[in-house]
Amino acid sequence: MKPILQIENLQTHFFTKAGVVKAVDGVSFDINAGEVVGLVGESGSGKSITGFSVMGLVDAPGKIVGGRIMFQGEDIAAMSPQQLQSLRGNRISMIFQDPMMTLNPVLRVETQMVEAIKAHDSMISKSEARARARDALGLVGISAPEERMRAYPHQFSGGMRQRVSIAIAMLNRPDLIIADEPTTALDVTIQGQVIHEMQRLCEVTKTALLWITHDLAVVAGIADRICVMYAGRVVEQGPIASTISQPLHPYTRGLMGSVPSQNRRGQPLQQIDGMVPSLLNLPSGCAFQNRCAMVSDKCLSEIPEPIDVGEQRLVRCVNVGQEPAS
Amino acid sequence: MTAFILRRSLQSLIVLFVMSLLVFGGVNMVGDPVDMLISPEADQMEIDRVIRDLGLDRPVTEQYWYFLVNAFKGELGRSFIFGEPALKLIIQRMPATMELALFSLLLAVVFGIPLGVYAGLKPEGKLSRTIMAGSILGFSMPTFWVGILLIMFFSVNLGWFPSTGRGETATYFGMTSSIFTADGLSHLFLPAFNLALFKLSSVIRLARAGTREVILQDYIKFARAKGVQESRVIRVHLLKNIMIPIVTVIGLEFGSLIAFSTVTETVFAWPGMGKLIIDSIYNLDRPIIVAYLMIIVLIFVTLNLVVDILYSFLDPRVRIKGAK
Chain D
0 MKPILQIENL QTHFFTKAGV VKAVDGVSFD INAGEVVGLV GESGSGKSIT GFSVMGLVDA
60 PGKIVGGRIM FQGEDIAAMS PQQLQSLRGN RISMIFQDPM MTLNPVLRVE TQMVEAIKAH
120 DSMISKSEAR ARARDALGLV GISAPEERMR AYPHQFSGGM RQRVSIAIAM LNRPDLIIAD
180 EPTTALDVTI QGQVIHEMQR LCEVTKTALL WITHDLAVVA GIADRICVMY AGRVVEQGPI
240 ASTISQPLHP YTRGLMGSVP SQNRRGQPLQ QIDGMVPSLL NLPSGCAFQN RCAMVSDKCL
300 SEIPEPIDVG EQRLVRCVNV GQEPAS
Chain B
0 MTAFILRRSL QSLIVLFVMS LLVFGGVNMV GDPVDMLISP EADQMEIDRV IRDLGLDRPV
60 TEQYWYFLVN AFKGELGRSF IFGEPALKLI IQRMPATMEL ALFSLLLAVV FGIPLGVYAG
120 LKPEGKLSRT IMAGSILGFS MPTFWVGILL IMFFSVNLGW FPSTGRGETA TYFGMTSSIF
180 TADGLSHLFL PAFNLALFKL SSVIRLARAG TREVILQDYI KFARAKGVQE SRVIRVHLLK
240 NIMIPIVTVI GLEFGSLIAF STVTETVFAW PGMGKLIIDS IYNLDRPIIV AYLMIIVLIF
300 VTLNLVVDIL YSFLDPRVRI KGAK
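Going down the list, the sequences are from chains D and B.
End of the first sequence sits at 325 in numbering that gives the first Met the number 0; the numbers just go up one at a time, nothing left out.
End of the second sequence sits at 323 in numbering that gives the first Met the number 0; the numbers just go up one at a time, nothing left out.
Hints in this document: simulated from the structure, not taken from any laboratory.
Do not rely on the hints blindly, as some may be mistaken.
In silico SDA-like pairs for lysine to any residue, Cα to Cα no more than 25 Å straight-line [to be verified]:
#	chain 1	residue 1	chain 2	residue 2
1	B	239	B	305
2	B	220	D	274
3	B	220	D	69
4	D	16	B	305
5	B	220	D	306
6	D	117	B	217
7	B	220	D	223
8	D	16	B	239
9	B	121	D	13
10	B	125	D	69
These stretches of chain B come out as covered by chain D in the derived footprint (C-beta under 8 Å, 3 or more residues) [unchecked claim]:
#	stretch
11	212-218
12	234-243
The model shown is predicted, which means the values in this text are computed figures rather than measured ones.
From the three backbone atoms N, C-alpha and C, an ideal C-beta is built for every residue, glycine too.
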């Protein structure tokens, strides 16, 4: 299957007064058509910035300084603002984390939906656009969409608002949706519904999904493949089942260890000691060196390159293949 | 909504009543109008007659009672100087002041919002810094001094605009105003700009602060993520949100614009209410002072009410709370 999105060595840096923050520094991964890829990492690991880079929505002082983002054969990183605008919301859409904040409080839901249609189809009539918006609301499970369209965002609950966001993201039948922690701000029961809804819709429409989250459990349930990010780099990627059952990178192992699980009931959770290093001042060599139990001299001097370990798995660790030191 | 307006109207009446007490007490403490009104040559009989005619021989409380009774009939006393009803005199001058105040407001909004939004979108730019420095000047320079400078520069040196007076007026749709004639507009521009300067500065600062806050919100980013044109993001998503504080401040301060116009009207000899009140204060023409202040209070409370109602149109979240 041909990938719909290929990110190659993406570098997005923020030029602040304190120095250059390398939020994304050499990220590479592909997404195939209709595939769900989970992008996992701690806060500040660069996963959201990766998503915004694909949308061409990196705010100043951030800038894409290197690499390519090939979307259906075109390089997004090299596009003009006009080209990006016609791409956004049309062929690639995005869903944000906090549904309370993503809808404009002073505009009716209808206005916010119709404008998304009209932005990409200036010829469409108002009533036609309305009808499409109404159908989209119905698809995501909002009852009485005709009435609810006239409402303002504050008249919806959090879960309903996120459904509206999803409906907006799907309005123009995009080929790829970037979901930036779309369920983090929701109650667990609503989370389940929203995830289920997204999964169903993406399957029906064959839309590829980049699911950005720090919640491994969610990714395990929804993704085909997983990319684990740490300090601006993808440290491990591969098919979801093998990566979760046999994590190879010490960081991924640490992540799995910090998830409470039925099998290890009663035992203390394994946590990853230490803190994420400052992106302003990354150590030379592997960024995980100060928290890694297997650290060696080699880790301190050279940045590990992705190693292909077969079964479509890539790991950035010089110790791959060796048993953990513990 | 109706209950809200009724409640507010009742509150306004109380404010008016308290204000009338304060104003009436106040003007009775500053000087004796008799000294101003009667020529020094008049004999005692003449003086007594005038005092009796004006009702100034009665106790203050009784004078106040008569004032209240008359006020309920819609009469706010007769001017000592002109011998005409104070209300009529003020209302005659009101269109001139209103046109000045409204035109100033228009200048402040039409120039203030775009300049402020621009400064908010590009906070580091040279032009933005210039705009902000200018707004500080607008805030801090005294109105009368700026007025004199404007006359010096534009009227005396350049001769572009006339320096005083209201110019020709014309009547359209039952409204007599100088904005309908070229001569009237040229007379209006300098005083209106003078009066607008302070408001312009505050609108610029509000628009900039609002823009800088709103532009970082997720819903702006989401609008961009939908592929909405940048111009629409600014015009609709941003502007509608920053208008909420701006409308509040503009509305509430429109009253102060009318009140402040006394200075500008004096500098430019603009025949409005402000000029009238200053002259009346010099002449201790009590009924006019009282009537003027009552009208200003009425304008303030009405504006407050209008702003509250407008607010609910701009911000749908307020509307729902009001309905419950």
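Comparing the hints with the structure gives:
Proposed proximity of residue 239 of chain B and residue 305 of chain B is supported: the alpha carbons are some 18 Å apart, at most 25 Å. For the proposed pair residue 220 of chain B and residue 274 of chain D, the alpha carbon gap of about 30 Å is over 25 Å, so the pair is violated. Between residue 220 of chain B and residue 69 of chain D, the direct Cα distance comes to roughly 22 Å. Compliance with the 25 Å bound is thereby established for this hinted pair. Distance check on the hinted pair: residue 16 of chain D and residue 305 of chain B sit about 46 Å apart at the alpha-carbon level, beyond 25 Å; violated.
Distance restraint check for residue 220 of chain B and residue 306 of chain D: the Cα-Cα separation of roughly 36 Å exceeds the 25 Å cut-off, and the hinted pair is therefore not satisfied. For the hint linking residue 117 of chain D to residue 217 of chain B, the alpha-carbon distance of about 21 Å falls within 25 Å, and the restraint holds. Proposed proximity of residue 220 of chain B and residue 223 of chain D is contradicted: the alpha carbons are some 28 Å apart, above 25 Å. Of the supplied pair hints, the one linking residue 16 of chain D and residue 239 of chain B is violated, its CA atoms being roughly 33 Å apart against a limit of 25 Å.
A C-alpha spacing of about 18 Å is found between residue 121 of chain B and residue 13 of chain D, which places the hinted pair at or below 25 Å, so the restraint holds. For a cut-off of 25 Å, the pair hint linking residue 125 of chain B to residue 69 of chain D is broken: about 37 Å separates their Cα positions. Interface restraint, the stretch 212-218 of chain B with chain D: holds (3 residues with C-beta to C-beta distance below 8 Å; minimum three). Closer than 8 Å: that is the beta-carbon criterion, and the stretch 234-243 of chain B has 5 residues meeting it against chain D, so the requirement of 3 holds.
When held up to the earlier numbered hints, the structure conflicts with 2, 4, 5, 7, 8, 10 and fits the remainder.
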